[in-house]
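> So you can see what is in the structure, the chains are spelled out below.
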Amino acid sequence: MQTYISGIPLNYYLSLAGILFSIGVLGVLTRRNAVIIFMAVELMLNSVNLVFIAFSKVLSIINGEVIVFFVMAIAAAEAGVGLAIVIAIHRQKKTSNVDEINLLKW
Amino acid sequence: MLNLTEIQPILFMILSAVTVGSALLVVLNKNPVASAIFLVLTFFSLAGIYALMNAIFIATMQVLVYAGAIMVLVVFVLMLLNLREETHQEIWSNPTKKTVIVLIVIAYSFLLLVSLKATKDSDPTVITNITSPNYEYKLSDSAESKVTVTGNTAAVGASTFIDYLLPFEIISILLLVAVIGAVIIAKKDAVKKG
Amino acid sequence: MDWMLILVWALKSALLFFIIITGCAYYTLAERVVAGFIQDRRGPNRAGPLGLFQPLADGIKFLTKEEVFPVNVNKAMYLIAPAISIVCAIMAWSIIPFGGTIPLPPVLANAVGFPTIDLQVANPNTGILFMFAISSLSVYGIILAGWSSNNKYSLMGGIRSTAQMISYELPLGLSVVIVILLSGSLKLTEINDAQKGLWFIFTLPGLIAFFIFSVAMFAETNRLPFDLAEAESELVVGFHTEYGAFKFALFFIAEYMNMITMSCVVSLLFFGGYNVPFGILEGSELQPLVGLAFFIGKVLFFAFLFMWVRWTLPRFRYDQLMVLGWKKLIPWCLFNIVLASTYVVYWGKYWKGIFN
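Protein chains in written order, with our numbering: chain A, 1 to 106; chain B, 1 to 194; chain C, 1 to 356.
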């Protein structure tokens, strides 16, 4: 079954989401700066949003978009708390390099 | 209304090229603030792709929440922490690791390109009409589909407040907890010990 | 493809762009004349009859000054920051409706294929949210300008200005929620049509929302009494200290354009937009043009209000500003949302009936 959303096959949207997700994974695995790892995680969340919306359009239901709305709210909450943790660690250790945060208590 | 069927594939190609290009630049860039700016560009072009699919409420929310609020917070933190540029990464300077990563990327891209043409030409074609602006959405909670709303924003709003009311209220409590937690974690100690 | 529609849309955008750039240039002249009037002196009147060529003289000055790059700046961000400011300032004009629909004369209608023209470039279903998205993006111009200038006063000015803008986006958005509740739609033309009988400012939740929106609008555009981050005697000039010549002109024009945009938004949301008062000229041929004239009158009044307040009120200190935004405006906004909900459900019809 070939499904088209706005004239573009569904596979194209899913491949785009796959590429974005893998770029996010690449960022998490290869970077050492905590804030850039966080940004790569946001990229992964966005690729998942794209998949949700694509399938919600294919199945002609609205639930996918509502889930995306909730994912955005959770990403915002995660951003706030995660960056507060990065600031607190930076204040103590003067570094935001995840390789150097390797002691249980200092 | 505007007949856009000829321009949609071109728009999608341009937007997805910008998205993938700036996502790569986010991950491979040495300067953290430049990474943040490219991530804003990625979110903006993703919002364009959502608008292309007629999910305009989510597209506007993407720009408002992700590009306009979360990334401002990230840029703020980067400026307050005054981060230096990163030196050359361990992974990119090690030839074995570099070749492994490049090989995995090439294999994955090949698989993705093959999946683009994953359907046979004899399959039936389905064109969804949910992308027209006046589509009548039916909410899933009503038994005989008594509730129908017109328009994307109205549908997301109605579904949030009829089908998903409990998660909505829980999300508001979660955001309150996150705000309180962030303020407490990032606060300076009022009295220095010792 | 409907090439005719695209051509009309492109012509409307180009005409609107030209009109707002000229309007903004003369707004800077008007600011100096009104400042002179309030301070009991004459404004600029040398550069032409009544000083009307002053914006042209300013433009030539900005274009011909030497472009200076400070040492050790990140060139890409230094150049992108004024571009982001001006692009976001201009983009917000694409959804403002200046009037209703104008019927074309039959000759032109047969040529282009459709009978009416909207006095609006685009009418998305999420109109007012689009406006907020664009004003959230304009924060990037300021923070990048402050950071990339390699100057600690710019950085402090940029961070303070950004924190002020994002803090006051909350009362701004929450008071627009009142308007959305009262009108039932996000589309700007439908918000305008919902005010046909009674402007929203004459309802109690609308009145409170208007006061909160005005305060937040002054803080969003970094105008007095909230302009600590860029005042003349504090922090040098704030985030655009290291910008000269044309880059400064872009920031300058972006600031004035934001002011006119906010005036347009407040007259659309609370003061009836392009509705003709008392319902005269209903259904006649002249109604869109008279509505346009009334809309421009309301926008000019609010533009004058910006200038009037600038030279009347003293400046807020930064911590007073933050306390006002977070601790005083937001609780009033939340109370107002509850009030507006009860208005819509219970006593709205009776209130509207008094005035009709």
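Treat the hints as calculated values from the structure; they're not laboratory data.
For glycine and all other residues, C-beta sits at the position ideal for the given N, C-alpha and C.
Just so you know, not all the hints are guaranteed correct.
FRET-style restraints, in silico, Cβ to Cβ [to be verified]:
no.	chain 1	residue 1	chain 2	residue 2	range
1	C	L313	B	A34	58 to 68 Å
2	B	T150	C	V345	54 to 64 Å
3	B	L165	C	K65	55 to 65 Å
4	B	A34	C	Y26	49 to 59 Å
5	B	L80	A	V48	25 to 35 Å
6	B	L103	A	E100	23 to 33 Å
7	A	T95	B	T99	25 to 35 Å
> Indicate, hint by hint, whether the structure satisfies it.
Quick rundown of the hints versus the structure:
{"no.": "1", "hint": "L313(C) <-> A34(B): 58 to 68 Å", "result": "40 Å, violated"}
{"no.": "2", "hint": "T150(B) <-> V345(C): 54 to 64 Å", "result": "22 Å, violated"}
{"no.": "3", "hint": "L165(B) <-> K65(C): 55 to 65 Å", "result": "59 Å, holds"}
{"no.": "4", "hint": "A34(B) <-> Y26(C): 49 to 59 Å", "result": "38 Å, violated"}
{"no.": "5", "hint": "L80(B) <-> V48(A): 25 to 35 Å", "result": "30 Å, holds"}
{"no.": "6", "hint": "L103(B) <-> E100(A): 23 to 33 Å", "result": "30 Å, holds"}
{"no.": "7", "hint": "T95(A) <-> T99(B): 25 to 35 Å", "result": "30 Å, holds"}
Hints 1, 2 and 4 from the earlier list are contradicted by this structure; the remaining hints agree with it.
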